[in-house]
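Student: Position chain B against the provided structure of chain A, taking the given hints into account.
Heads up: the protein sequence lines correspond to chains A and B, in order.
Heads up, the first sequence is in full-length UniProt numbering, so the first residue is 1 and it goes up one at a time.
Heads up, the second sequence is in full-length UniProt numbering, so the first residue is 1 and it goes up one at a time.
Certain hints may be false.
Identical copies look the same in the list; a pair holds intra-copy or inter-copy alike.
Said to hold, decoys possible - Using 27 Å as the maximum straight-line C-alpha spacing, the simulated DSS-like pairs for lysine-lysine come out as follows:
no.: 1; residue 1: 130; residue 2: 193
no.: 2; residue 1: 52; residue 2: 24
no.: 3; residue 1: 86; residue 2: 193
no.: 4; residue 1: 99; residue 2: 111
no.: 5; residue 1: 169; residue 2: 130
no.: 6; residue 1: 57; residue 2: 24
no.: 7; residue 1: 5; residue 2: 52
no.: 8; residue 1: 86; residue 2: 194
no.: 9; residue 1: 122; residue 2: 24
no.: 10; residue 1: 130; residue 2: 194
no.: 11; residue 1: 99; residue 2: 130
No lab work stands behind these hints, which were simulated from the structure alone.
2 protein chains.
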Amino acid sequence: MAKKKKDLRRENIIEIAAQLFKQKGFSGTSMRDLAEQVGMDAATMYHYISSKDEILKTICFGIATTYITQLGEIESSDSSYIEKLKALVRLHLHLMTTKGAEVSVANNDWKYLSPEALQEFKDLRSHYEKRFASLIEEGIQAGELQEVNRSVALFTLLSAVRWVELWWKPNRGITLEELENTILTILFNGLEKKQP
Amino acid sequence: MAKKKKDLRRENIIEIAAQLFKQKGFSGTSMRDLAEQVGMDAATMYHYISSKDEILKTICFGIATTYITQLGEIESSDSSYIEKLKALVRLHLHLMTTKGAEVSVANNDWKYLSPEALQEFKDLRSHYEKRFASLIEEGIQAGELQEVNRSVALFTLLSAVRWVELWWKPNRGITLEELENTILTILFNGLEKKQP
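Pulled out of the complex, with its shape left as it was, chain A reads as follows (with noise of 0.2 Å):
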């Protein structure tokens, strides 16, 4: 019990930092800010979190395994590639509307990384993004995705749902299911409306 409350209060502080490092940068952040932003004298907070590397640590791998693991999850499902591309998409959407910080963190903080930690996070999404790019090339084989450069195809949906990330919040007028209806339908079936 004691073990469990120790872990949530270090989530909570986990949680708190991914917020400043979005919004302050991870350089520009201090475990002094930090223990301030918690309400927690630096000493206290020592007893939860070790270094600021830690924390960037736990949040890089925390993203990278859940991308990682849904991937798989994904992979092994019965559905067509499509459903499994479109799947992965909202898993992005997904992560980037529940959480933000985090992913912002992952996305462009992963850069200060210890060297160890870092060529183990530039291993994973290399490896994530192999897997992504393998689930194009066999939808293009199995005949249900247009003939597209696989590269190209996976940086233009990689990228074109890295925005929600800047700017989508619930409070914009724009519903999630609007969000994910809007880029489900551009990047699946095109802008372009098909003349009946």
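Tutor: Just chain B, lined up with the frame of chain A:
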């Protein structure tokens, strides 16, 4: 003649500055770095350019003006809305692949503009986005485009091409034609292959 030579030198300095800002960031680049890269002593360089701020302003407003001028030409053409929007996406790709460093600076370092220039730049950008969104709106009204959320469509199009600035290089085995075809296919026709 003397004037023209001075202009060319100035343009060359600004081009090299854009590459340095892209590599090392605006804050991370000093006028000394620039002079070294240009191969001039600093005193001579100041004959062509007065400050880092002036360079940044020239780059950002140069890019913004190009976008707005081209948008004007596209708007006033006789093409369909689909063709106009495709021409805008091509314009973004064209600028990113021919003026990659300048576009990158205008996309990332504009926040270091002096307060007055900053406001003017933001106004230009917002003006461009509004006119781009109007083309989407009018295309939907004309029945050429799918019924999508206008803002989401705008940011999805603008964002889908952003990765090109960071990733595309002529020697990576993907031609400009493949790049353009794949991106236009995905955004306007969709990745899903239509069954005949």
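Student: Hint by hint, say whether it matches the structure.
Tutor: Do the hints match the structure? See the list:
no. : hint        : verdict
1   : 130 <-> 193 : between (32 Å within a copy, 22 Å between copies)
2   : 52 <-> 24   : both (14 Å within a copy, 24 Å between copies)
3   : 86 <-> 193  : both (20 Å within a copy, 14 Å between copies)
4   : 99 <-> 111  : both (19 Å within a copy, 26 Å between copies)
5   : 169 <-> 130 : between (30 Å within a copy, 20 Å between copies)
6   : 57 <-> 24   : both (18 Å within a copy, 24 Å between copies)
7   : 5 <-> 52    : within (21 Å within a copy, 52 Å between copies)
8   : 86 <-> 194  : both (20 Å within a copy, 16 Å between copies)
9   : 122 <-> 24  : both (23 Å within a copy, 21 Å between copies)
10  : 130 <-> 194 : between (32 Å within a copy, 26 Å between copies)
11  : 99 <-> 130  : within (24 Å within a copy, 29 Å between copies)
When the structure is compared with the earlier hints, no violation turns up for any of them.
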